[in-house]
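> Given these sequences and hints, build the entire structure.
The opening residue of the sequence shown carries number 251 in my numbering; numbering runs sequentially from there.
Derived from the structure by calculation, the hints contain no laboratory data.
Just so you know, nobody snuck in bad clues.
The following label-pair restraints were derived from C-beta to C-beta distances:
hint, residue 1, residue 2, range
1, S356, F258, 50 to 58 angstroms
2, E271, R350, 30 to 38 angstroms
3, A308, S367, 27 to 35 angstroms
4, R350, R385, 15 to 23 angstroms
5, E276, P366, 23 to 31 angstroms
6, L267, L331, 16 to 24 angstroms
7, G335, E298, 16 to 24 angstroms
8, R350, E327, 33 to 41 angstroms
9, W299, V255, 28 to 36 angstroms
10, W321, T387, 43 to 51 angstroms
11, P302, R350, 21 to 29 angstroms
12, R374, V253, 36 to 44 angstroms
13, R374, E276, 22 to 30 angstroms
Heads up, simulated EDC-like pairs for lysine to aspartate or glutamate below, C-alpha to C-alpha not over 20 angstroms straight-line:
hint, residue 1, residue 2
14, K336, E271
15, K275, E327
16, K285, E327
17, K336, E368
18, K289, E271
19, K285, E368
20, K275, E328
21, K289, D372
22, K285, E329
23, K285, E271
24, K289, E328
25, K289, D319
We put the beta carbon where it would ideally sit given N, CA and C, even for glycine.
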Amino acid sequence: MLVDVRDFLFAPLAGNLFLLEISAKEAGLLAGADKLAVKARELGLQVEWLAPEGTPLANGTCVFRARGDAWQVARAEEELLGCIGKASGVATAAAEMVKRARGRVSIVCGAWKKVPSEVRQDLRRAIATGGAGIRITEEPFV
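Next up, the structure:
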């Protein structure tokens, strides 16, 4: 019978709650907050703080704070960063391009047929969070 070593390691910690925080490692823009909230609920974490989508981040900015048992915290380490890492990077890049354009041109990101369907919606939301468009025009075109 296979046993997860964490069962053994976490046994003495049963009944204790631990604080979990996710902080930004560099400046940017938070994206994927909604997905992080859903995953945190699935893990059974007691969420104390979650920065809103689009929050400007500086190095060290607390993005998320929760409490959970040892198993929940370990799983959170494995699963939560993926909810916001890529999306925040995309939102940050989009915001930087919009800033550089200084209103002279519209910044859009298309070619969605080439993006895997599993991440398409997350990336679209991240681009919108960064202030860029996801279509060349909202009008019908060929």
